[in-house]
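Asks: The lines below spell out each chain.
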Amino acid sequence: MSFRQNHLLGIEQLAPDEITTLLDLSDEYVALNRAAEKHGDALNGLTQINMFFENSTRTQASFELAGKRLGADVMNMAMQASSIKKGETLIDTAMTLNAMHPDLLVVRHPHSGAVDLLSQKVNCAVLNAGDGRHEHPTQALLDALTIRRTKGRLHRLNIAICGDIAHSRVARSNMLLLHKMENRIRLIGPPTLVPSAFAELGCEVYENMEEGLRDVDVVMMLRLQKERMDGGFIPSEREYYHLYGLDAEKLAHAKEDAIVMHPGPMNRGVEIDGSIADDINRSVIQDQVEMGVAVRMAAMDLLARNLRERRAAASDAA
Amino acid sequence: MLYSGPRNATPERKGLPMTTTLLTNVLLIDPEAGTETEGSLLIGEGVILSLGDAVDATDVDEVFDCRGLCLAPGIVDIGVKVCEPGERHKESFGTAGRAAAAGGVTTIVTRPDTHPAIDSPETLEFVARRGREDAPVRVLPMAALTKGRNGREMTEIGFLLDAGAVAFTDCDHVITDTKVLTRALTYAKARNALVIGHIQEPGLSAGACATSGKFAALRGLPAVSPMAERMGIDRDVSLIEMTGVRYHFDQVTTARALPALERARKNGLAVTAGVSIHHLTLNEYDVADYRTFFKVKPPLRSEDDRQAVVAAVASGLIDIISSMHTPQDEESKRLPFEEAASGAVALETLLPAAMRLVHAGDLDLPTLFRALSLNPSKLLGLDTGRLAVGAPADLVLFDPHAPFVLDRFAMLSKSKNTPFDSARMQGRVRATWVGGQQVHGKPL
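These protein sequence lines map, in sequence, to chains P and A.
Sequential numbering of the first sequence, starting at 1, is according to our numbering.
Sequential numbering of the second sequence, starting at 1001, is according to our numbering.
Chain P extracted, bound-state conformation (with noise of 0.2 Å):
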């Protein structure tokens, strides 16, 4: 098995052939989800802690969800009411939990770098449930899984991720894993949105989307962060959506065969028409909610053999 790591805690740290362990292992838990059994054991005995510094459903579901399939001990704790407000540092907090022994922290929090930091004083794995604008890898993974299943591969294909990247961690997440698999990629979006420095990532930039998405395999559209704006990013919604939302007339560019994919929640009218969205023959938007719990059992069953087996030696040394 090649997969050497502690944590979890973006793509840039993964090398190829540990994204392809990941994955090849999730279209296994794929299958157990589609069973009538679904339980596994690869994380029985184990305690998962989920800290969301941030409000999310789907997320914090996809991952509760996935611990509870394989046996974990799975507790939610809602950040933004706790001690957090009462002055506790993130490191406080951190040491606090710590203290109760958990094996697996997945962590969301509003800062880039807040995830990274938090590892750096526990000694448990940390899975990355997306910090700030830098990261959320597994919304990556599960796209790239998404991807493979339905294109048969993860290589040379055309891709373009349309709207707010500059705010996004998913887009970087999926700049860096999309990359490292060698496929080219396209960032589509008003300037505003998408700043120059990301062509320096080795993107290509288009303003005018019925360009970028020229024969494209695949259209992964972002969602508008209204909460992230300090204001006047677009001129309008529907200015947006005239320019930037997809609908038909601008799918049409891509290729036939061309999938659209959305992390959602979608804010339909806005980055994308409701009839593109529910287009079952073009549309993935669905099988990437269904990916996004393979990918997360995947993801901590890995981690947790890593944990055991350095505990193990650890406890052989001593």
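Don't take each hint at face value.
Chain P regions said to be covered by chain A (calculated; three or more residues, Cβ under 8 Å) [said to hold, decoys possible]:
| # | stretch |
| --- | --- |
| 1 | 109-121 |
| 2 | 127-138 |
| 3 | 198-206 |
Straight-line alpha carbon distances no greater than 30 Å define the calculated DSBU-like cross-link-like pairs of lysine-lysine that follow [said to hold, decoys possible]:
| # | chain 1 | residue 1 | chain 2 | residue 2 |
| --- | --- | --- | --- | --- |
| 4 | P | K121 | P | K68 |
| 5 | P | K121 | A | K1416 |
| 6 | P | K121 | A | K1297 |
| 7 | A | K1189 | A | K1214 |
| 8 | P | K180 | A | K1179 |
| 9 | A | K1297 | A | K1179 |
| 10 | P | K121 | A | K1333 |
| 11 | A | K1214 | P | K121 |
| 12 | A | K1297 | A | K1416 |
| 13 | P | K226 | A | K1214 |
| 14 | A | K1179 | A | K1189 |
| 15 | P | K151 | P | K250 |
| 16 | P | K255 | P | K151 |
| 17 | A | K1266 | A | K1147 |
| 18 | P | K151 | P | K38 |
| 19 | A | K1189 | A | K1378 |
| 20 | A | K1266 | A | K1297 |
| 21 | P | K151 | P | K180 |
Source of the hints: derived by calculation from the structure; they are not laboratory data.
Think of the CB as a built atom: it goes at the ideal place given N, C-alpha and C, for glycine as much as any other residue.
Chain P is fixed; fit chain A onto it per the hints.
Replies: Okay, now just chain A, sitting in the frame of chain P:
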């Protein structure tokens, strides 16, 4: 442009040594003449009694052979934050003063961004007194330009000058109301006061903790274009032209700002510019995995910017190198990068870090000490910063080649937030004198 106020560059010191000390076979770094020559220097009565060929070695109390070492005028560091009053747990005059002495800094020019801000003669006198009592080096306080550094009303510039303020600055608070700023500059001009400004377009840089570019994009950090610094300098140059005030830009850190500075100089404006040691020796990539000890203000720049700014120091376009010493405790740094406090301690690492530029061939030693000692002294109208007969014996003796690995916990600063922890450095201070009195180093 010498200011002859009540502040005293050579304060009365108890127990002024009456002995004479001769340093021989030392490499004398003279920033005024731009030379480095091997020779001798005689210290006595608090001043440099003689140097070079003129030294008379008879009737000397102590003689020390300093072969292999360099002797330069002590560093005058403009923009040191000593956290008194308000945050003495981060730094006091005692610890800052000892750290300065260990770093070859013989004069610290303190920032007014304390709690409360130094914006009245009473608080300024407190700072001056604490400095005299506890610091083994000279302490010259700066005062805020506006009350509470709020950018609304000017401070009592006249009274503050009388109380010993050497310059006026709101530090990293940019005064956005140009009417308020214009009046303050006009008034300062009438009192011949020096104003120090932080050049930044505050709207554009709001919320930013990195410089825009590939690195910030990859790390997902809110970033500011280097153009914000250019906009800051352009605005301030207009106001300097309008008011005629003596003005110093605290930190010019980007290539884009340099032509604006050059034009202002050519147009005959009384402007000078500084840069922090961190912007000369580090770049944005040093932040790596969100290392908060590398979070400074303005944020670290690209390597192209760093090289341009180093070249500007070499050419003399940028006049002054300072430490921008900013102590922060562990708590305020052990946070996610965006939330962590800005600033780094640097009194002790200023010279070893600057020696990187010398060892890299970017600067020679006289040019370095022109920026560290001579120019800041000239800017403040001090008689220090020179190797000249009769000048105060504020001196630093250092080994330019001695290698070491920095251990932040071995530093004398109360706060240990240095970006150079575990860094390999070359150049160690062996001894420091202030007014002829040795304040650091083993007895020779």
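Asks: Next, verify each hint and record whether it holds.
Replies: Status of each hint after checking the structure:
no.: 1; hint: 109-121; verdict: holds (count 7)
no.: 2; hint: 127-138; verdict: holds (count 5)
no.: 3; hint: 198-206; verdict: holds (count 3)
no.: 4; hint: P:K121 <-> P:K68; verdict: holds, 26 Å
no.: 5; hint: P:K121 <-> A:K1416; verdict: holds, 20 Å
no.: 6; hint: P:K121 <-> A:K1297; verdict: holds, 27 Å
no.: 7; hint: A:K1189 <-> A:K1214; verdict: violated, 43 Å
no.: 8; hint: P:K180 <-> A:K1179; verdict: violated, 54 Å
no.: 9; hint: A:K1297 <-> A:K1179; verdict: holds, 25 Å
no.: 10; hint: P:K121 <-> A:K1333; verdict: holds, 14 Å
no.: 11; hint: A:K1214 <-> P:K121; verdict: holds, 28 Å
no.: 12; hint: A:K1297 <-> A:K1416; verdict: holds, 18 Å
no.: 13; hint: P:K226 <-> A:K1214; verdict: holds, 24 Å
no.: 14; hint: A:K1179 <-> A:K1189; verdict: holds, 15 Å
no.: 15; hint: P:K151 <-> P:K250; verdict: holds, 21 Å
no.: 16; hint: P:K255 <-> P:K151; verdict: holds, 12 Å
no.: 17; hint: A:K1266 <-> A:K1147; verdict: violated, 33 Å
no.: 18; hint: P:K151 <-> P:K38; verdict: holds, 26 Å
no.: 19; hint: A:K1189 <-> A:K1378; verdict: holds, 18 Å
no.: 20; hint: A:K1266 <-> A:K1297; verdict: holds, 28 Å
no.: 21; hint: P:K151 <-> P:K180; verdict: holds, 17 Å
Of the numbered hints listed earlier, those contradicted by the structure are 7, 8, 17.
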